[in-house]
Each structure stands twice: as structure tokens, then as C-alpha cells.
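Kindly generate the complete structure, drawing on both the sequences and the hints.
Protein chains: 2
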Amino acid sequence: MSMRISDLSASSGVSLPTLKFYLREGLLQPGESTGRNQAAYDERHLRRLRLVRALTEVGNLSLKEVKAVLDAADDPTLPIHELLGVAQYALEPPSPSAIEASAAATVDAAIEMLGWRVSDDAPARRSIAHAVEVLRSLGWSVDPADLVRYAKAVDRLAESEVAISDGAIDRERLVERMVVGSVVFEAILTAFRRLAQEHHSAARRRSVAER
Amino acid sequence: MSMRISDLSASSGVSLPTLKFYLREGLLQPGESTGRNQAAYDERHLRRLRLVRALTEVGNLSLKEVKAVLDAADDPTLPIHELLGVAQYALEPPSPSAIEASAAATVDAAIEMLGWRVSDDAPARRSIAHAVEVLRSLGWSVDPADLVRYAKAVDRLAESEVAISDGAIDRERLVERMVVGSVVFEAILTAFRRLAQEHHSAARRRSVAER
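These protein sequences, in sequence, are chains C and A.
Residues 1 to 211 in the numbering used here are what the first sequence spells out, letter by letter.
Residues 212 to 422 in the numbering used here are what the second sequence spells out, letter by letter.
Bear in mind the hints are in silico, worked out from the structure with no lab data behind them.
Where a beta carbon is used, it is the ideal one built from N, C-alpha and C, also for glycine.
Watch out, some of these pointers could steer you wrong.
Unchecked claim - Which chain A residues stay away from chain C? Per the calculated CB distances, all over 12 Å, these:
no. : residue
1   : K231
2   : E243
3   : G270
4   : E421
To be verified - Distance condition first, Cα-Cα at most 30 Å in a straight line; then the derived DSS-like pairs of lysine-lysine:
no. : chain 1 : residue 1 : chain 2 : residue 2
5   : A       : K275      : C       : K64
6   : C       : K64       : C       : K20
7   : C       : K20       : C       : K67
8   : A       : K278      : C       : K64
9   : A       : K278      : A       : K231
10  : A       : K275      : C       : K67
11  : A       : K231      : C       : K152
12  : A       : K275      : A       : K231
Printed below as a string of C-alpha cells:
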């Protein structure tokens, strides 16, 4: 299948100006040149546009964040086993540079209790430490065991999630799975948490009313 | 403790222009008037500023979203048991108005399998359906059982989370717990998922290398 840019726009539902913007910003791979100011696009471009949509619409990523992830994905010198890490690091929301030592120590203790081996400079560590810091500033007490409960909720899930990369054949597909899996399933997970809270909150009220 | 606005700024670390902006936008309750162009602020204002910080820095919410949540919190006519719902609905990222019927049906089937009682118009339902739609557009197969795995990961956690509201005494504290719990612990949960993926991904590589 070969398409001109106008066909790509019609097939993807992405407007022509947006396509040109994506090309300029490197979010979309260039088409194959077929003449002066003409290029041919194919199924790969269509997939890439769906990927950008998944990341922006469902993952709520900015185009800058999408770019960082896709740049990692497109870098052929990056070993496959590092892709997940790079994509994750690009996806991590920024945390302030200074984190209180006591908050960082609480996170370290939780990871120690879990027996997980994760990099000392994993940005997710800092995200959790920052959250702990903010909770404490609001007067909550947060100890490592509290954090471990959250970690355990996603432990098995993450184990099965990383296994999906086993079946993937080509690099492009693998990257797509990792990135989409990371971002879109995060949205699914957090939305289910909200539904579960709604369900359990209503269930508690019913049981109180019945007492 | 009573403070002038300059003291509030010094205690909270929030600049004077930002404080004035928050007051104008209704993110911060007005202080008690103590004279012409003078008002007194107290511990409640300081807590509110920490809450705004928690929602923006850790929860990554826009000020518009923070406002929606705080408006619900500040509305004295809203029954306490509806607060969680209103806060959640305000926090839900927007999804497109048109969702494919087949994606919505997959979510309905998952909720049926879980036996959860949640409102038909819970925005989290739409978020999940939209995610399913996007995954399918990328060629993933997603059935209700896949979704149930994600739901089950957070089921117990959510049950214990809604129980925290039992001990709260005053409305203001309760709202704060719900909102902070919802937003900050979501950040903790998703960050742990990324750490768990890193851990399990590395563990798989080690076990492959040892074969």
C-alpha cells in the first residue's frame, strides 16, 4: 500500500497541517521521495500516527514527551533490552531536584523489603519519594510498609506485562508494545482503581445503612 | 496563628503574586479582613496551599482541574458520601464523546465479571473504553478477561483506601484525604508499576543469560 500525504491524512483522520507539523518535528518518519515535493507513505506511517494518538489521547503525554519516547524507539544503536528503560525514563513525570533524605530513605527501605533490584537513579524512585514528601507535609504518616502495599498490588501484573515482549519479532513492534503497554495500560489501571473505589465506597455505605 | 499575606508567602514558599492569583481564582479561601487591604491568614490557608501543591506537583493536575476538585470540596451542600465521586469525576481525564459500542461492551462485560456496582456514567468507564478502542486500532486483541486482570490488581487496595475515610472527623480533613489519596497514591502506584517492570525485565534477562 502506497499513499500520498493527502491519502495518509484521510486514512488516519489526522489533518494535513498536523501531518506536516509531525514530519517537521520528527514525530512521523519521512515518506519515500517520489518526485519533487512528493512522497509516498505506507502502513508504517499509519501505525505511527495511531501510536502518537495512543500516547497523546490516552496517555495524556505532551508532544515533547512523545518525541522523547519515539526518539528512543527509533535509535537503532539502542539495545532492545534497554528500550523499556529508556521509554519509561522518558515517560516519568519530572520531580524536583532536591528530595528530602528521609523520604528517599523510606522508598529505599520499601524496595529493600520487596527485594527488587532497580537502578539507584530510576526516576520512579524519585517520583515516589517526592509523593512521600508531599504527603508528610500534609501531616500523613507514611512508612515503608504502606508503600509496599502499593508495590505488591502491581507486582504480578508487571511480571506478566514484561513477558509480552517475548513473542514480538521485529524491533518496531516491540517498541510499540512496550510504549503502548506502559502508557495505555497505566490509564486502564488507574481508571479501574477509581471504579474500584466507587464500588467499595458504595458497598461500605450500604453495609452501614443495613446495620 | 494569624499571618499577614507576606507571612503566608514566607511560610508556604509560594510567591506573593502566585498567592494573589490563587485568591483571585478561588483556589485559596479569602483571609479574614482586618482592615483596608489587610487580611489575616491561618493554618487552614497553609494546608490549602500544601494541598494545591500536592495536586499540581505530584498529581500533575492543571490549576483548572485543581479548581474543579476544590470547588466540590468547598461546596457545603454536597453530601460527604458524594464527595469522593465528585472529586474523582473532576480528576478523570477527558475522553472523546463518541466511543465505539464494541469497546464499551468489553468494559461492561469486565465490570459484570467483577460483580462491581458502578454508575453507568462513571467517566472511568469511558476512559477504559477509549483505551480499548485505541489498543484495537493498533491491532491488539483485548477481551474482558484482560481488563479484569488490571481491575483485580487494584481491587483490595481500593477497598482499604476507601476505609481511610472512616477515621476522619471534619469535612475539610475528609476531602483532603480523599483528594490527596486519589491523586498522590495514584502517582505512587504507577511509579511502582514502572519499578516493578524494571525489576522483572532485568530478572528475565538474567534468567535467560543463565540458561
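Here is what the structure says about each hint:
1. K231: About 22 Å separates A:K231 from the closest Cβ of chain C, which puts it past 12 Å; holds.
2. E243: holds, 23 Å
3. G270: violated, 9 Å
4. E421: The claim holds: A:E421 sits with its nearest Cβ about 15 Å from chain C, beyond 12 Å.
5. A:K275 with C:K64: With Cα atoms ~22 Å apart, A:K275 and C:K64 stay inside 30 Å; holds.
6. C:K64 with C:K20: holds, 16 Å
7. C:K20 with C:K67: holds, 15 Å
8. A:K278 with C:K64: Measuring from Cα to Cα gives roughly 26 Å; hence the hint holds.
9. A:K278 with A:K231: Status holds; Cα separation ~15 Å.
10. A:K275 with C:K67: Cα-Cα ~26 Å, so holds.
11. A:K231 with C:K152: violated, 43 Å
12. A:K275 with A:K231: holds, 16 Å
In this structure, the earlier hints numbered 3 and 11 are contradicted, and the remaining ones agree with it.
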